[in-house]
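*Asks:* Sequence:
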Amino acid sequence: MNLGMPEMIFIFLLALVVVGPRKLPELGRQLGKFLAEFKRASNEFKNQIETEMLNIELEERAKKQQNPQDPKVLPPEEPWERFMRPLTETVSRTREELASVMTSNPEPAQPSIPPAPAEPPASAKSADNT
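Numbered according to the working numbering, the sequence shown terminates at residue 137, and the numbering increases by one at each position without gaps.
Keep in mind the hints are simulated off the structure, nothing from the lab. Be aware that one or more of the hints could be misleading.
[What the hints assert, rightly or not] Have a look at the derived ranges for each label pair, beta carbon to beta carbon:
{"hint": "1", "residue 1": "Lys-71", "residue 2": "Glu-51", "range": "28 to 36 Å"}
{"hint": "2", "residue 1": "Glu-64", "residue 2": "Glu-14", "range": "27 to 35 Å"}
{"hint": "3", "residue 1": "Asn-62", "residue 2": "Lys-30", "range": "44 to 52 Å"}
{"hint": "4", "residue 1": "Val-25", "residue 2": "Asn-50", "range": "30 to 38 Å"}
{"hint": "5", "residue 1": "Glu-51", "residue 2": "Gln-73", "range": "27 to 35 Å"}
{"hint": "6", "residue 1": "Arg-68", "residue 2": "Thr-97", "range": "27 to 35 Å"}
{"hint": "7", "residue 1": "Lys-71", "residue 2": "Gly-35", "range": "29 to 37 Å"}
{"hint": "8", "residue 1": "Leu-31", "residue 2": "Glu-59", "range": "40 to 48 Å"}
{"hint": "9", "residue 1": "Glu-44", "residue 2": "Leu-65", "range": "42 to 50 Å"}
{"hint": "10", "residue 1": "Glu-14", "residue 2": "Lys-71", "range": "24 to 32 Å"}
{"hint": "11", "residue 1": "Thr-95", "residue 2": "Ile-56", "range": "19 to 27 Å"}
For each residue, glycine too, the CB sits at the ideal point set by N, CA and C.
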């Protein structure tokens, strides 16, 4: 509804003629009260709708969290477990390797003694001394 100034003046003059100058201020007050009440009721209705929508959204979130098909959240990991895990894995691996070596029949190990350096022949020693 797009009312300009000429239309509003025409409506005011028409109301003045129809209602009369004595009843016009009372009619204006009643119209103002009606508009204020209508605005308050529409705001209340709007707030009620928003509240219901929020409640529905919260219920949907609660259902999603209680859904048994969702993966379970694991408890928080203790900090010391992070540091101990590599050590535990290394010890387990070493234990397994040791057990596999002990159960198998390995060939006897050859001593790994390096050969002694060969001494020069006696004739070479005497030639150096002379």
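*Asks:* Against this structure, judge whether each hint is valid.
*Replies:* So, going through the hints one by one against the coordinates:
For Lys-71 and Glu-51, the Cβ-Cβ distance of about 31 Å falls inside the hinted range of 28 to 36 Å, so the restraint holds. Taken as a hint, the range 27 to 35 Å is violated for the pair Glu-64 and Glu-14, whose Cβ atoms sit roughly 45 Å apart. At roughly 47 Å, the beta-carbon separation of Asn-62 and Lys-30 lies within the given 44 to 52 Å, and the hint holds. Take Val-25 and Asn-50: their Cβ atoms lie about 32 Å apart, and the range 30 to 38 Å holds.
A beta carbon spacing of about 33 Å between Glu-51 and Gln-73 agrees with the range 27 to 35 Å that was offered as a hint. Between Arg-68 and Thr-97 the beta carbon distance is about 44 Å. The supplied range of 27 to 35 Å is therefore violated. Checked against the given bound of 29 to 37 Å, the beta carbons of Lys-71 and Gly-35, roughly 55 Å apart, lie outside it. The supplied range of 40 to 48 Å is met by Leu-31 and Glu-59, whose beta-carbon atoms lie about 42 Å from each other.
Distance hint for Glu-44 and Leu-65: a CB-CB separation of about 32 Å, inconsistent with the stated range 42 to 50 Å. Against the hinted window of 24 to 32 Å, the Cβ-Cβ separation of Glu-14 and Lys-71 comes to about 55 Å, which falls outside the hint. For the pair Thr-95 and Ile-56, the supplied restraint of 19 to 27 Å is violated, since their beta-carbon distance comes to about 58 Å.
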